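So you can see what is in the structure, the chains are spelled out below.
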Amino acid sequence: MDLSLSTRTVGDRTVVEVGGEIDVYTAPKLREQLVELVNDGSYHLVVDMERVDFLDSTGLGVLVGGLKRVRAHEGSLRLVCNQERILKIFRITGLTKVFPIHTSVDEAVAATD
Amino acid sequence: MATVELRFSALPEHVRTARLVAAAVARRAGVDEAVLDEVRLAVGEACSRAVGLHLAHGIDAPVHVALIEDEKKFAIEVGDDVPSGPGEHASDDGSEADGEDEMGLAVISGLVDDVEVTSGANGGLIRMSWPTAAATAAP
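Residue numbers (the numbering used here), protein chains in the order written: chain A, 1 to 113; chain B, 1 to 139.
Treat the hints as calculated values from the structure; they're not laboratory data.
Nothing here was measured: the structure is a model prediction, and the numbers come from that model.
There's no promise every hint is true.
To be verified - A few chain B residues that don't get close to chain A, going by computed Cβ distances all over 10 Å:
id	residue
1	S9
2	P12
3	G44
4	G58
5	K72
6	E77
7	G104
8	A106
9	V117
10	S119
11	R127
Stated by the list, open to error - One side only, chain B facing chain A, incomplete, derived with CB under 7 Å:
id	residue
12	E13
13	V35
14	L36
15	D37
16	E45
17	S48
18	M103
19	G110
No residue lacks a Cβ here, since even glycine has one placed at the ideal position from N, Cα and C.
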């Protein structure tokens, strides 16, 4: 399965809904999307990963890169994920301390800190 | 002899194929269903790393994967053709590619209990194994 990406604006947040597999082949597409959003002035991003089937370290690298970019503009990058197999990857790499991870898009959009 | 062997051109689009084949062979070998996600992720990480190394060093040779089933365990070997030796240290400029390489290895060592990473003049090899149902069901 390929990667699917769609974006929508909720208040001052931009929600990026990601579906499919984020791996060494598809991660560059996600990177392009995040770079484009930041270049267009969207600095508060919510990445909804509920429909992601697979995530590897290349995908983690892209998310960390996205976080670095929004932080340069005092922005934020929040994740939405309830899938244990995806959360496990964040845990074993220690990235649960780096990314705010929410259980729903509503919660992520409402979060301020 | 390996149960199944794969050789694929060192291109990112083929890593998914390696993941699917590895998971299918692991399932047949009796690896617990709950662990198959880990097998899929670990073999994907190892193959992504090998593809990255081949591309970075301009090596045309394919990446090789051996899926080996024996009575008690299921092993996967992912080999690359990038030699390492004196004077061949990874660059230390903190580039994104190096960071991803390290993160890939971090994920593998976090996921797999039995893992061995070796490198030599003929290339590198990541060897990982998981117990099969026959081994875990033994009295």
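Structure versus earlier hints - violations, ascending order:
2, 3, 7, 8, 13, 14
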